[in-house]
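Enquirer: Letter by letter, the chains look like this.
Number of protein chains: 2
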Amino acid sequence: MDLPPPFQPPERVLLGPGPSPTAPSVLQALALPTIGHLDPRFLDVMDEVRGMLRTLFGTANELTFPMSGTGSAGMETCLVNLIEPGDAVLVGVNGVFGTRMCEVARRAGAEVTAVEAEWGRALTADDFRRAAGGAKFKLLCAVHAETSTGALTEIAPLRAVADELGAMLVVDCVTSLGGLPVELDAWGVDAAYSGTQKCLSCPPGLAPISFSARAEEALRARKQPVQSWYLDLTLVANYWGGERAYHHTAPINMLYGLHEALRLVLEEGLEQRFARHARNARAFWAGLAAMELELLAPEAERLVPLTSIRVPDGFDAAEVRRFLLEQYAVEIGGGLGPLKGKIWRVGLMGNGSTRKNVELCLSALRLGLIAQGRRPRGDPFDAAQEVYAESVA
Amino acid sequence: MDLPPPFQPPERVLLGPGPSPTAPSVLQALALPTIGHLDPRFLDVMDEVRGMLRTLFGTANELTFPMSGTGSAGMETCLVNLIEPGDAVLVGVNGVFGTRMCEVARRAGAEVTAVEAEWGRALTADDFRRAAGGAKFKLLCAVHAETSTGALTEIAPLRAVADELGAMLVVDCVTSLGGLPVELDAWGVDAAYSGTQKCLSCPPGLAPISFSARAEEALRARKQPVQSWYLDLTLVANYWGGERAYHHTAPINMLYGLHEALRLVLEEGLEQRFARHARNARAFWAGLAAMELELLAPEAERLVPLTSIRVPDGFDAAEVRRFLLEQYAVEIGGGLGPLKGKIWRVGLMGNGSTRKNVELCLSALRLGLIAQGRRPRGDPFDAAQEVYAESVA
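As you go down the protein sequences, you meet chains A and B in turn.
Quick note: the first sequence uses this note's numbering, first residue 1, plus one each step.
Quick note: the second sequence uses this note's numbering, first residue 1, plus one each step.
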């Protein structure tokens with residue numbers, strides 16, 4: 001083949017469901033010279049990453065570190081380490097990622113019971129209780145922030161249900177970590193996973209996970225080895241923990257990037273960061289409402305970092321996305337599975353959650369609608385402006 | 001916790017078993033702005049990466065792309081996609097990575113037969129034939145370049161054995177790809193995996209794999225789903241292939257880095273690159289011989305990118321490594337498992353394979369020996385110089 005030229009990425013404003021825009025200092029960190037995965041100085045990076053992740057996860061869990069794969073590898077890590085063949089697992093399903101948890105759990109040999117809710121709606125403690133029907137379960141799994149729909153499921157109330165079922169509580173925090181409060185210890189979560197390319201504004205490639213002492217105990221009491229060698233926490237923990245034993249070669253430069261991304265989160269402060277995400281989301285929603293666009297999730301069950309907009313009747317969803325990409329260099333996401341062609345997904349995550357991006361996206365969507373013959377009556381910018389004015393007052 | 005300062009890596013010359021020194025333009029590529037994993041422009045990067053990997057692997061295999069994990073994830077990908085519970089698998093074991101293949105295969109439900117050779121020696125076709133004892137196998141697995149010992153096993157002769165056993169041929173090319181000829185099609189390899197942090201001089205984090213048409217067919221004829229959802233090639237191939245269907249969020253910036261690293265390999269030219277690796281290795285070996293240091297693998301079975309040196313009696317192997325790191329900022333590796341404390345492992349891989357590094361490492365080792373009371377009689381620099389002089393003549 002001919003030698004391709006060096007790649008030069010086009011200008012993009014990443015307002016889809018992830019990746020979000022990477023912070024400039026994170027990009028710089030990625031480009032620092034590679035050192036060895038067992039270098040004494042690299043061990044400091046690892047310890048600092050673990051410490052910062054504990055703060056973000058709201059936990060003191062010893063077993064807290066990033067796995068060497070993307071968010072889906074984090075999901076698989078939690079499930080294959082805790083499931084043995086024949087285990088009963090209860091999974092909340094209100095979108096793609098709940099569905100994926102069922103699939104991953106089944107492949108680990110679990111007997112899966114799905115707790116269904118309409119896509120775009122939250123799941124409640126009673127939904128889980130009813131679906132369990134009095135049976136016992138090893139795991140109760142829930143998606144905190146369902147990236148495929150924009151629905152937020154409250155995790156704290158699920159602890160009581162998990163206790164009734166004798167279950168450990170496993171939570172998907174991929175789109176919430178760093179953008180919404182996550183409090184593993186206060187909520188009584190036993191295992192959680194996330195990704196780096198959402199509210200942390202680090203490129204995709206790592207999956208922070210955290211296991212409670214109880215989950216660690218279950219892990220050590222396994223009768224069979226974990227089916228995945230690569231994701232086996234009994235081995236990976238020896239590298240991240242005291243023995244520093246070689247398991248696999250950690251993705252050094254990606255870990256530089258995560259180190260810097262976590263630093264930026266803590267430098268901003270978690271409360272301030274959550275408030276920024278909430279303010280920009282509310283301004284965006286106000287602008288959408290002014291354009292008479294409807295959101296998939298009701299406000300009380302709605303994610304702050306990711307908003308799903310119903311595609312108005314008669315509109316070509318993909319065409320509007322293409323228009324935004326070509327005319328504004330703005331990337332937004334489409335719907336997945338049954339929601340394909342029915343929603344747009346807009347992420348205002350991490351570095352992407354700015355007033356400028358809210359206005360840019362409203363402007364781009366407005367013109368996208370006009371290009372397909374629908375001129376919004378309301379003024380989205382005034383509506384957004386009011387939210388910002390309130391938050392200053 | 002207190003906010004840690006930005007990380008600033010120390011100066012290091014990476015001459016261990018990997019990671020190797022990352023090329024400057026690869027570091028720059030890592031720092032390019034993140035774009036979306038479904039961006040039309042990113043699809044070009046993916047296609048170019050696939051094309052370049054085919055050239056490096058010496059294959060026309062359609063199913064050729066990097067998995068989103070490190071080399072060990074590549075190993076697990078090859079094994080879990082091809083093994084179903086109860087399958088008989090024959091694995092060549094002459095070091096850590098053959099041992100690891102047995103472990104991964106067992107966890108996938110295989111009945112594993114190990115073909116043992118002394119650590120530091122190659123395995124031959126007859127070793128496999130004898131161990132098979134006339135039985136049939138689904139897979140014959142071999143490590144081309146055993147990173148834990150520095151032994152090279154010839155792959156081409158194994159095709160005939162695999163045919164006798166009715167087996168597909170699976171090969172670990174982690175430390176050979178880009179540093180030694182790899183010819184999957186000419187050798188009749190059915191599945192191969194590699195890593196990015198050895199002779200490609202890209203940071204760790206991706207695992208190039210390649211499956212032959214026959215292996216693809218076996219994959220599609222599976223009775224059970226692949227036990228790992230994350231590594232399931234029937235799904236991953238839909239993202240890298242025609243449908244471009246979302247599976248997981250690909251590690252965008254790491255793929256920028258691999259794109260550039262592969263470009264550099266092809267820009268240099270494979271023949272030139274292999275010759276450079278061989279020349280520097282021979283010069284290094286000549287220098288070691290002048291210092292009366294013995295190598296673990298006999299020359300005919302020795303890897304070019306990675307050299308294992310026997311630690312002379314009475315020497316503290318770890319102390320010498322520490323000396324090199326502290327006095328010369330040179331990282332070399334130690335032995336693993338039964339070779340712990342018995343060998344040093346020196347990688348002259350990718351960007352690390354230079355005359356300057358050969359001389360630096362000889363100099364550092366010489367002083368390391370002197371510091372422990374053994375002054376080499378021969379002059380390692382003269383000996384190395386002779387090799388370079390020959391290659392110019």
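Treat the hints as calculated values from the structure; they're not laboratory data.
Among these hints, one or two may not hold up.
Remember, identical chains collapse to one label, so a pair may be satisfied in a single copy or spanning two.
[Said to hold, decoys possible] Pairs of lysine to aspartate or glutamate residues, derived as EDC-like cross-links and limited to a Cα-Cα distance of at most 20 Å, are as follows:
(1) K136 with E118
(2) K340 with E243
(3) K136 with E164
(4) K340 with D39
(5) K342 with D313
(6) K356 with E164
(7) K342 with E359
(8) K223 with E116
(9) K356 with D163
(10) K223 with E103
(11) K136 with E116
(12) K223 with D39
(13) K356 with E118
(14) K340 with D185
(15) K223 with D87
(16) K340 with E271
(17) K342 with E294
Enquirer: Would you mind marking each hint as holding or not holding in the structure?
Expert: Verification of the supplied hints:
no. : hint           : verdict
1   : K136 with E118 : neither (25 Å within a copy, 51 Å between copies)
2   : K340 with E243 : between (48 Å within a copy, 15 Å between copies)
3   : K136 with E164 : within (8 Å within a copy, 51 Å between copies)
4   : K340 with D39  : between (47 Å within a copy, 17 Å between copies)
5   : K342 with D313 : within (9 Å within a copy, 72 Å between copies)
6   : K356 with E164 : neither (47 Å within a copy, 66 Å between copies)
7   : K342 with E359 : neither (23 Å within a copy, 64 Å between copies)
8   : K223 with E116 : neither (31 Å within a copy, 29 Å between copies)
9   : K356 with D163 : neither (45 Å within a copy, 63 Å between copies)
10  : K223 with E103 : between (22 Å within a copy, 16 Å between copies)
11  : K136 with E116 : within (18 Å within a copy, 47 Å between copies)
12  : K223 with D39  : neither (35 Å within a copy, 44 Å between copies)
13  : K356 with E118 : neither (33 Å within a copy, 64 Å between copies)
14  : K340 with D185 : neither (36 Å within a copy, 40 Å between copies)
15  : K223 with D87  : within (12 Å within a copy, 22 Å between copies)
16  : K340 with E271 : neither (35 Å within a copy, 49 Å between copies)
17  : K342 with E294 : within (11 Å within a copy, 68 Å between copies)
Comparing the model with each earlier hint shows violations of hints 1, 6, 7, 8, 9, 12, 13, 14 and 16; every other hint is respected.
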